[in-house]
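K.L.:
So the chains spell out like this:
Protein chains: 2
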Amino acid sequence: MTEPLFDTLCVVGPGLIGSSVLRRLRAMPELVGTLIVTDRDRDVLARARALDLGDVVTDDLDAAVKDADCVMLCVPVGAIAPIASRILPIMKSGAILTDVGSTRRSIVDALTPHLRTDIAYVPAHPMAGTEHSGPDAGFATLFEDRWCLITPDRNAPEDAVTRIGAFWHAMGARTRRMDADHHDTICAMVSHLPHLIAFTICGTADTLAEDMRSEVLDFAASGFRDFTRIAASDPTMWRDIFLNNRDALLGVLDRFSQDAAAMADAIRSGDEETIVETIERGRRIRRSLLENRQA
Amino acid sequence: MTEPLFDTLCVVGPGLIGSSVLRRLRAMPELVGTLIVTDRDRDVLARARALDLGDVVTDDLDAAVKDADCVMLCVPVGAIAPIASRILPIMKSGAILTDVGSTRRSIVDALTPHLRTDIAYVPAHPMAGTEHSGPDAGFATLFEDRWCLITPDRNAPEDAVTRIGAFWHAMGARTRRMDADHHDTICAMVSHLPHLIAFTICGTADTLAEDMRSEVLDFAASGFRDFTRIAASDPTMWRDIFLNNRDALLGVLDRFSQDAAAMADAIRSGDEETIVETIERGRRIRRSLLENRQA
Ligand SMILES: NC(=O)c1ccc[n+]([C@@H]2O[C@H](COP(=O)([O-])OP(=O)(O)OC[C@H]3O[C@@H](n4cnc5c(N)ncnc54)[C@H](OP(=O)(O)O)[C@@H]3O)[C@@H](O)[C@H]2O)c1
Ligand SMILES: NC(=O)c1ccc[n+]([C@@H]2O[C@H](COP(=O)([O-])OP(=O)(O)OC[C@H]3O[C@@H](n4cnc5c(N)ncnc54)[C@H](OP(=O)(O)O)[C@@H]3O)[C@@H](O)[C@H]2O)c1
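Sequence lines, in order, name chains A and B. With our numbering, letter number 97 in the first sequence gets 97, and the count goes up by one each step, no holes. With our numbering, letter number 210 in the second sequence gets 505, and the count goes up by one each step, no holes.
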């Protein structure tokens, strides 16, 4: 790559995702001319400066975004539409607006009235993360070999979509393009439902009698532990995801609850066939994952 | 240790657990005098011979158990009581009967009428395993630093309980003594419920439309994958566990389902406080696990 993808890129919210993007960009100086970093939180900005995450680090959002060729919002899902609608009127004509939010439909609905024909809206959700957050949690290889789901607004010019794709390839990711609703259903199943279940089962364990709870912790290695890693994730982020992907999430949760109730019935009535069939399905899925090299 | 713990030990069912015990014993020849291995399956016995798991490898169950000082049943939960009630009448007076079954109450209830006053029944459940099974899946270090839950029959002499404890310490495990019902409730929460949920969520994903299912596999790394490792486990073993720990399992499943329904309500009604509270609980449990060095 000889020409930079963007002369000026502004990252709003240098947390886990934002700082990981910035760290990688720092290691590939040819990709972007000037890197601007902004946040509402002075402590976050102080860390961004100490970690040398950008050429300009400022708490002045308007100044940060107004000359950027690309503005990338890396804030919690609930903050994306409010910030986007505030900065859209002052963004440069021809610029690209993108965000890394984990849900789509509710953001698109909130943003659509504010979109401008001369600014391409091309959100891209990197399917990568850890249970940690903040500028110190990021690392340059976070996106390597992970998927990034690109869900462009239907009025976004192809050139802008191509640039965002190239950007995420440079981050090390593989990209897939899809529409907002499909994105939300897939993510409800692969990510939001598993997280909801993980939080819930930890809550269930937490309501046990005191003595039993301590034994649950002692003997967690027998299965329970596998559910707790993802349950350590950030509350604000997940509150926003659950509320913003409500319909798709409640849809898969309802299916899951019915399946769990059917399994309970099978156990209650000693229906061996149904039990074995359900277990066999789990094995099949696991096998497919291994073949897919995703496990 | 100068004197062997048992002059003759017979392992019935050299699968994952049985062959792991045998492998470790082979590496500690001072622990047991003669090792007898038996199974109903000739292929399993052929592997046991090829792997040199015992001094005597035979398909003759009666001959295998009759002179043993300790008989250890390492067969699926549903096979434990039938085999135990068959061999109890021919076992040597003063011998110890043990099993490694993952559930207790239903086995104890089925066995109690067959127990003899001159044979100690001291089951011990090692909380260790993998998603693989059979004689080739075992390894000598499987039990290291894992818990083994000892649930002696109330008529078992202390000396027998002490020996079984010493045996599992030699396997590398830590031991905890408890009664059958407490065992079943704890295991329902830390192991059986997580497995049931893992099987169920894989089943839910499996019922999605064809195209979506393939995307679930592609994007599994976002949380779903964490649930599939334990879902790869053996169907016979888990069918038996679910059916034999029915009451305790349905009890925790019911609690969990209520908690999941409450979370769904909170999401539906936008009750941020309840959502954040539930997520915070997950983090707290995870933190306790990390402090407990179990994560
Ligand atoms: N973590 C993951 O696994 C993951 C994966 C893919 C996508 N995502 C998405 O990526 C986005 C960022 O997630 P993250 O994990 O990087 O979160 P994070 O580490 O908590 O970073 C979020 C950043 O945004 C700032 N912020 C929060 N609210 C803000 C507001 N109203 N205005 C301005 N700045 C604000 C935060 O600073 P202060 O809160 O201190 O102000 C922080 O610097 C979210 O939309 C999330 O859904 C996350
Ligand atoms: N795997 C774990 O995570 C784990 C952990 C702790 C405790 N346990 C308990 O340990 C026991 C064994 O589990 P495992 O994982 O070692 O299973 P495994 O690898 O499948 O081994 C079971 C062995 O028992 C034999 N067997 C099965 N049914 C039998 C019958 N009716 N009569 C005689 N032999 C029979 C099997 O051979 P054939 O089927 O070929 O006859 C096989 O050799 C189970 O009670 C299980 O609940 C398992």
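Heads up, a few of these hints could be off.
Stated by the list, open to error - Just some of the chain A residues that point at chain B, by a computed CB distance under 8 Å: (1) Met28; (2) Glu30; (3) Leu31; (4) Gly33; (5) Ile83; (6) Thr130; (7) Thr185; (8) Ala205; (9) Asp218; (10) Phe227; (11) Thr228; (12) Ile267; (13) Arg283.
Derived by calculation from the structure, the hints in this document are not laboratory data. Since the model is a prediction, treat every value here as computed from it, not as a measurement. By construction, the Cβ of each residue, glycine as well, lies at the ideal position given by its N, Cα and C atoms.
K.L.:
Could you run down the list of hints and mark each one as holding or not?
P.N.:
How the hints compare with the structure:
For Met28(A), the interface hint is violated, the least distance from its beta-carbon to any beta-carbon of chain B being 24 Å, above 8 Å. The beta carbon of Glu30(A) comes no nearer than 29 Å to any beta carbon in chain B, farther than 8 Å, and the hint placing it at the interface is violated. About 25 Å separates the beta-carbon of Leu31(A) from the nearest beta-carbon of chain B, more than 8 Å, and the hint is not met. With its C-beta approaching chain B no nearer than about 32 Å, Gly33(A) sits outside the 8 Å limit, and its interface hint is violated.
The closest approach between the C-beta of Ile83(A) and any C-beta of chain B is roughly 19 Å, which is over the 8 Å cut-off, so the hint fails. Annotation: interface hint on Thr130(A) violated; nearest CB of chain B at approximately 12 Å, more than 8 Å. With its C-beta approaching chain B no nearer than about 7 Å, Thr185(A) sits inside the 8 Å limit, and its interface hint holds. Among the interface hints, the one on Ala205(A) holds; its C-beta lies about 6 Å from the nearest C-beta in chain B, closer than the 8 Å criterion.
Among the interface hints, the one on Asp218(A) holds; its C-beta lies about 7 Å from the nearest C-beta in chain B, closer than the 8 Å criterion. Nearest Cβ of chain B to the Cβ of Phe227(A): about 6 Å, under the 8 Å cut. The hint holds. A hinted interface residue such as Thr228(A) counts as satisfied when its beta carbon comes closer than 8 Å to some beta carbon of chain B; here the least separation is about 5 Å, so the hint holds. With its C-beta approaching chain B no nearer than about 5 Å, Ile267(A) sits inside the 8 Å limit, and its interface hint holds.
For Arg283(A), the interface hint holds, the least distance from its beta-carbon to any beta-carbon of chain B being 5 Å, beneath 8 Å.
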